[in-house]
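**Q** If you want the building blocks of each chain, they are given just below.
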Amino acid sequence: MGWKAIHRWLGLVAGSLALVLGITGALLAIDPVQQARQAPAAPADLPVATLAERVQRAIPGVEEIRRLPSGAIVAYGFAGDQPQASYVDPGDGRALAAYRPSQLPRWVKNLHRSLLLGDAGRWGAAGIALAMALISFSGLVLLLRRMGGWRHLAGRVRGPLAQRLHVLVGRVVLAVLCLSSLTALFMSATTLGLVQLDAGSEPDVVSVAGSATGLPVAQLPVLQGLAVQDLRKLNFPNAADPEDVWKVATRQGQGWIDRYSGATLAWQDATMAQHLYDWAVVLHTGESAWPWAVVLGLVAASIVPLWLSGLLIWWRTRREAVRITANSPLAQADVLVFVASEGGSTWGFAQTLHDALVQCGHRVHTSGLENFQTAPATRQVFVLAATYGEGQAPAHAGQALERIASHTRRVVPVAVLGLATGNTRPFAPSPRRWSRLCAPGAGPRCCRSNASTSSRASSSSGGAKPSLRHLTSPWC
Amino acid sequence: MSRPLLTIVAFASALALPSLAHSRQVTLITQLENYGGDGAYLAVYLTDAKGAYARTLWVAGGKAKYYKHLADWNRLSARDAKRLDGVTGASVGAGRSLEVTADLADALIDAGYEIRIDAAAEDMRDSPSEIRVPLSTQNAAKPHPGKRYIQNLTYQLR
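Protein sequences, first through last, are from chains A and B. First residue of the first sequence? That's 13 in my numbering, and the numbers climb one at a time after it. First residue of the second sequence? That's 845 in my numbering, and the numbers climb one at a time after it.
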């Protein structure tokens, strides 16, 4: 199976589900942008001890402080019996607006990561991510083939509207889509338990009472030396439990601090898997970098035009697929017609030519250029070759010239009709390459008619008949 | 006595006693609040009079990745390799209730043991020891309020 088939079938099948993930993904990208606007980010170098002291002074019941990926600080605590979570002003610790983890309903995120189907859905979503990575990669291979290599990647795109749209959007978003898929796969692997993030079980540590009251947070050396930019979470010790400890989670790991002495009772470094996971989350969600979230949102939304244009391209190719009628077997035919066409439109020309020749009383065999061969009965060969993209050979005929050069031992007249859209050069009549075939003794004798080397025809089959009738008349 | 030793003694007695003495069936019904989030992870477990881990009765929620959010249970039960054997189920949706039945040795009741529940939900705050209720005949059949995720816990002894 070629890259094109992989791209087409994965795109049509998994792509329709990827559409769901794309739309929900684009919606989810709103959250980081919203969060960045909602509350001021704490200064990166502010010591955590100072921040915690300010918050504790303003909100006496505070139990936990979190630094959101956006840089904003959220404090959790109780007001009476009511649990509270609010943004705080890092400058003075006072509570600002109430904190909500997401502005979207929960089902959007659950649809995105598990298709609302629990664990089976998580495997399904991971499968779609894998398919998406393959679609992106095969898309890159096809793009390079179409554009004529890396150097022409940014060049002008030609072809029908759906193809142009598919290529224009695809070449912009392809890398990000691939990155998104790979990070999604890593995140799925951690959730499905295939990758372990934890450094091991947490230590069983207690504060050992020394003085009657605990050390104020502002005097805890570990927190004095910790900048807010590295903080993830700080848990205050429970007032009712004299053995409870401070627990701090940072980008580097997590620590347990004695509430009386301020000494670090235990420290666990974050694992390599955890570091990778943190990066994967940032790259996949854009949660700590809202401009990246905007990029991700747009790329996720681009799956919609990509899928629709892909569907249109496939549907058109199917509709335009021509089944040659009255096709004689190769061994009995006196005229052979070989076709090279990526999108299938040249087959319309071939059918017209085939019909005209049959009407003239010939026995005609029409086939793809990749099947090029001649038989003792062969008197004349036509090659109808269209270009793909920037003058590239269609995928199925990529090796055709080599096959022709190596195959033929008999002298048979060959007429070549090159077809291209706009200003592209038809691939087949590349003078240098054909001259190789036409060299004396190297293969079939080239019979270059006026129509063969320089004709430029529209790829639609509408205008085909007059020129082809002209072409076929000498053999009638 | 050191804490690890206490844990081992408590754990051994919790396992051994049911076979030696009569056991009683306890049914715990945990009613969750409508806290407006995804399904909650809950760990229902017993600690002894000294606060050492004794036994896990139930863990709701199947992803080991999230067990660290059930912090107290995760820490206290870390040495119990069989803590999950036969006592796991799905996470419990907001507003739903969880019913757990277990056989407990008579000796555990009215002996200073505590029923504890750790709770956590995604993107929300962890709530270790959301519920701490002494395991006693006196406390049975009464609703005990939780802090954040759990509206109340009621247990029946038979």
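Honestly, the hints are just simulated from the structure, not real lab data. Treat the hints with care, as some may be off.
[What the hints assert, rightly or not] 20 Å max Cα-Cα, derived SDA-like pairs, lysine to any residue: (1) A:Lys-121 to A:Gly-212; (2) B:Lys-907 to A:Asp-101; (3) B:Lys-912 to A:Thr-203; (4) A:Lys-245 to A:Asp-101; (5) B:Lys-912 to A:Ala-301; (6) B:Lys-894 to A:Gln-236; (7) B:Lys-912 to A:Asp-290; (8) A:Lys-245 to B:Lys-912; (9) A:Lys-16 to A:Asn-250; (10) B:Lys-909 to A:Tyr-289; (11) B:Lys-912 to A:Val-293; (12) B:Lys-912 to A:Ser-213; (13) B:Lys-909 to A:Gln-280; (14) B:Lys-907 to B:Gly-883; (15) A:Lys-121 to B:Lys-926; (16) B:Lys-909 to A:Lys-16; (17) B:Lys-909 to A:Gly-205; (18) B:Lys-909 to A:Val-220; (19) B:Lys-907 to A:Trp-135; (20) B:Lys-912 to A:Ile-35; (21) B:Lys-912 to A:Asp-281; (22) B:Lys-894 to A:Asp-101; (23) B:Lys-907 to A:Val-217; (24) B:Lys-909 to A:Leu-206; (25) B:Lys-894 to B:Thr-871; (26) B:Lys-894 to A:Pro-215; (27) A:Lys-121 to B:Ala-934; (28) B:Lys-912 to A:Gly-265; (29) B:Lys-909 to A:Thr-202; (30) B:Lys-912 to A:Asp-216; (31) B:Lys-926 to B:Ala-955; (32) B:Lys-907 to A:Lys-16; (33) A:Lys-121 to A:Tyr-289.
[As the list claims (entries may be wrong)] Label-pair distances were calculated between CB atoms; the ranges are: (34) B:Pro-987 to A:Trp-21: 33 to 39 Å; (35) A:Gly-103 to B:Thr-981: 30 to 36 Å; (36) B:Glu-943 to A:Asp-242: 39 to 45 Å; (37) A:Thr-62 to B:Ala-893: 27 to 33 Å.
Just so it is clear, the structure is predicted and the values come from calculations on it, not from any experiment. For glycine and all other residues, C-beta sits at the position ideal for the given N, C-alpha and C.
**Q** Between the alpha carbons of B:Lys-907 and A:Trp-135, is the straight-line distance 20 Å or under?
**A** Since the Cα atoms of B:Lys-907 and A:Trp-135 sit roughly 14 Å apart, the hinted pair holds (cutoff 20 Å).
**Q** Would the hint linking A:Lys-121 and A:Gly-212 be met if the CA-CA limit is 20 Å?
**A** 29 Å, violated
**Q** Is 27 to 33 Å a correct range for the gap between the Cβ atoms of A:Thr-62 and B:Ala-893?
**A** Violated, since A:Thr-62 and B:Ala-893 (Cβ atoms, about 41 Å apart) do not stay within the stated range.
**Q** Can you confirm whether the C-alpha distance between B:Lys-907 and B:Gly-883 stays at or below 20 Å?
**A** 12 Å, holds
**Q** For the pair supplied as a hint, B:Lys-909 and A:Gly-205, is the alpha-carbon distance within the 20 Å limit?
**A** 7 Å, holds
**Q** Regarding the pair B:Lys-909 and A:Thr-202, is the alpha-carbon distance no greater than 20 Å?
**A** 7 Å, holds
**Q** Between A:Lys-245 and A:Asp-101, does the CA-CA distance stay at or below 20 Å?
**A** Between A:Lys-245 and A:Asp-101 the Cα gap is close to 16 Å, so the pair holds against 20 Å.
**Q** Hinted pair, alpha-carbon criterion (20 Å max): B:Lys-909, A:Lys-16. Please report holds or violated.
**A** Outside the cut-off at roughly 39 Å; violated.
**Q** Holds or violated: the 30 to 36 Å window for the beta-carbon distance between A:Gly-103 and B:Thr-981?
**A** About 54 Å separates the Cβ atoms of A:Gly-103 and B:Thr-981, which means 30 to 36 Å is violated.
**Q** Within 20 Å, alpha carbon to alpha carbon, are B:Lys-909 and A:Gln-280?
**A** This hinted pair holds, its Cα atoms lying about 17 Å apart.
**Q** CA of A:Lys-121 to CA of B:Ala-934, is that 20 Å or under?
**A** 19 Å, holds
**Q** Check whether the Cα positions of B:Lys-907 and A:Asp-101 lie no farther apart than 20 Å.
**A** 35 Å, violated
Comparing the model with each earlier hint shows violations of hints 1, 2, 5, 6, 9, 15, 16, 18, 20, 22, 23, 25, 31, 32, 34, 35 and 37; every other hint is respected.
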